[in-house]
Amino acid sequence: MNVHEYQAKQIFAEYGVPTPKGIMVESVDAAVEAAKELGGPIWVVKAQIHAGGRGLGGGVKLAKSLEEVRELADEILGMTLVTHQTGPEGKLVQKLYIEDGADIKDEFYLSVVLDRKLEMPLIMASTEGGMNIEDVAEETPEKIITVPVDPTIGFQAFHGRELAFGLGITDKAEQKNIITFAQKLYKLYMDKDAEMIEINPLVRTGSGEFLALDGKMGFDNSALYRQPEIAAMRDLSEEDPDELEASKYGLSYVALDGEIGCMVNGAGLAMGTMDTINYMGGTPANFLDVGGSANAETVAKGFEIILKNPKVKAIFVNIFGGIVRCDRIANGIIEATKITDVNVPVIVRLDGTNAPEAAEILKNANIANLIVASDLGDGAAKAVEAAKNA
Amino acid sequence: MSILVNKDTKVIVQGFTGKEGTFHASQCIDYGTNIVGGVTPNKGGQEHLGQPVFNTVAEAVKTTGATVSMIFVPPAFVGDAVMEAAEAGIELAVIITEGAPVKDMQAAKAYAVKHGMKTIGPNCPGVITAEECKIGIMPGMIFKKGNVGLISKSGTLTYEGANQVCNEGYGITTAVGIGGDPIIGLSYKQLLPMFEADPDTEAIVMIGEIGGDLEIQAAKLIKEQITKPVVAFIAGQTAPKGKTMGHAGAIVSGSAGTAKEKMEALEAAGVKVVVSPADIGKAVKEVLSK
Chain A
400 MNVHEYQAKQ
410 IFAEYGVPTP
420 KGIMVESVDA
430 AVEAAKELGG
440 PIWVVKAQIH
450 AGGRGLGGGV
460 KLAKSLEEVR
470 ELADEILGMT
480 LVTHQTGPEG
490 KLVQKLYIED
500 GADIKDEFYL
510 SVVLDRKLEM
520 PLIMASTEGG
530 MNIEDVAEET
540 PEKIITVPVD
550 PTIGFQAFHG
560 RELAFGLGIT
570 DKAEQKNIIT
580 FAQKLYKLYM
590 DKDAEMIEIN
600 PLVRTGSGEF
610 LALDGKMGFD
620 NSALYRQPEI
630 AAMRDLSEED
640 PDELEASKYG
650 LSYVALDGEI
660 GCMVNGAGLA
670 MGTMDTINYM
680 GGTPANFLDV
690 GGSANAETVA
700 KGFEIILKNP
710 KVKAIFVNIF
720 GGIVRCDRIA
730 NGIIEATKIT
740 DVNVPVIVRL
750 DGTNAPEAAE
760 ILKNANIANL
770 IVASDLGDGA
780 AKAVEAAKNA
Chain B
10 MSILVNKDTK
20 VIVQGFTGKE
30 GTFHASQCID
40 YGTNIVGGVT
50 PNKGGQEHLG
60 QPVFNTVAEA
70 VKTTGATVSM
80 IFVPPAFVGD
90 AVMEAAEAGI
100 ELAVIITEGA
110 PVKDMQAAKA
120 YAVKHGMKTI
130 GPNCPGVITA
140 EECKIGIMPG
150 MIFKKGNVGL
160 ISKSGTLTYE
170 GANQVCNEGY
180 GITTAVGIGG
190 DPIIGLSYKQ
200 LLPMFEADPD
210 TEAIVMIGEI
220 GGDLEIQAAK
230 LIKEQITKPV
240 VAFIAGQTAP
250 KGKTMGHAGA
260 IVSGSAGTAK
270 EKMEALEAAG
280 VKVVVSPADI
290 GKAVKEVLSK
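Quick mapping for you: the protein sequence lines, in order, are chains A and B.
The first sequence begins at 400 in this note's numbering and counts up by one.
The second sequence begins at 10 in this note's numbering and counts up by one.
Rather than coming from a laboratory, the hints here were simulated on the basis of the structure.
Possibly wrong hints are sitting among the right ones.
Think about it this way: if two alpha-carbon atoms lie no more than 27 Å apart in a straight line, the pair counts; the simulated DSS-like pairs of lysine-lysine are [claimed, not checked]:
id, chain 1, residue 1, chain 2, residue 2
1, A, K647, B, K28
2, B, K198, A, K516
3, A, K516, B, K123
4, B, K252, A, K647
5, A, K762, A, K712
Work the whole structure out from these sequences, hints included.
And the structure:
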């Protein structure tokens, strides 16, 4: 789960991680009021959406007067912001963050992520602040400092020294500032079950303080049950409505660009099914994992979500029944076609426990549009053909 | 022969009396797994599925001599359960539960390693030695005894792969579902050498997916140490960047963890890589008839 910049900064403030002062607003008038309260003389008007690259997309602008704050708030609020992370359709800006301008001497990059290889948190930092860190990693990898922190010992002074010296910070007071900053950030990463924290840029001010000018945070969904205040920060309007709807029924859905809808049990097999369709010359319209308990209701819901996409010309249902018996899934599919009007060819492949009985049930049901496949390859081939002929 | 578990392996179940634990433990017993007891706090002294229930893993190990634990406790208690097993001297913990917090698994795995306990999972189908011992939730009937070892991040792709191998007239020695979470126990790197050393295993199927770099590490190891033929499939060639595909760990971040780079690394290590999982069986036949 991701949160907005203003929410990340609330959490930062709770842990004493320095940030400029700011106020979240949802109207132009409130933006001006917020600017007055902050005092100025310079403000930054920032679009709050769950995507990076807001500045380049025109969603972050500097104001030098209250009039300018009003103009910019009016311009940005309600705009559809397109960045390299939003996709071409962009995201509607519904919230703004009005922030005090900072006295920026130079910019750094700082993040905490899980290192899957080391199986522990990793602090990453760079002197190349404000840049896309992937580009820095690609072009000048020597400019990225990595400091793994073993949670059994936690953040120690030596971790901080590696960071400070790695960034070329020589002033003793500044060293102390950056070390304390990183230490607090690590603590909050652990306390809040964060998945990643990224501050880009982290700025050094003229007086040698470090400030989080931006803040991006993601959290471990599996831990939200014990992080109620984080869970309450979830902004559903930032999420894909179809993915959200699917998740309510225990389905995991991701929309793609193609023509063949997929309904599969298990994430690996669901990806494997998409790959097979692609390999056979077709294009998958979605990833959909119905999970371990495919029944009439979940299958019907799956059909409904897949068919919302007007590009879908055929649906491939690929189920490997393990503990769940195929005959029961077959009945579920038949029930589902009664609940939802399925107007494209449906190719069904059921394998595993009681597969022959299932094939018999599907055959006898005499449902128009329903094509039975014998295995994964056969099913994908039939789905590709059906989509071509549609 | 086989790896990790066989018909003599003594197994206990943590979360024995819960709904999931009960259902799957009884399926395992039907399969022939030597389940010698289970653990549910405050139910010690009772009998369940014909086996004794204990309050603690330490007590269960002391009384039954169990070396393996199958863990079905709810996600919030997985970390604790794994550490308790490690402390009690369990040699292998098979963690089936889905949705354990990553932070808990970090601590639990580090503790397991410190105590020399192997772990499989979490969020996985478990491990099965065909026609001897099933520790997990996979449908046992698919796994016919044979000469192919299988390692997979995905549950249903494990079944798909094993089924194809058996349909080609071969069978399985041991199949291990390692799970697709960001932090997992045994992976290709540890399991490939075990299959290499197992005299009954003649070929190995490895099924991976996008995210992380375990498959890249495996490719390096295969090149250096594995002489038996390996067939591989990597799921997620058509997955979009930056999206989590069902498994928490299945995500391409930036340019890292793509199917393409994993497939290329494996191919360069001499692995027979298939583009579609529909071709796993055929590929196994091809490498075994050489």
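Exercise. Taken at face value, is the distance from the CA of K712 (chain A) to the CA of K762 (chain A) at most 27 Å?
Worked result: Distance ~22 Å between K762 (chain A) and K712 (chain A) Cα, so the pair holds.
Problem set entry | Hint consistency between K516 (chain A) and K123 (chain B) [alpha-carbon to alpha-carbon, up to 27 Å] | 17 Å, holds
Exercise. If you draw a straight line from the CA of K198 (chain B) to the CA of K516 (chain A), is it 27 Å or shorter?
Worked result: 12 Å, holds
Exercise. K647 (chain A) and K28 (chain B): Cα distance at most 27 Å?
Worked result: 23 Å, holds
Exercise. For the pair supplied as a hint, K252 (chain B) and K647 (chain A), is the alpha-carbon distance within the 27 Å limit?
Worked result: 18 Å, holds
In summary, this structure violates none of the numbered hints.
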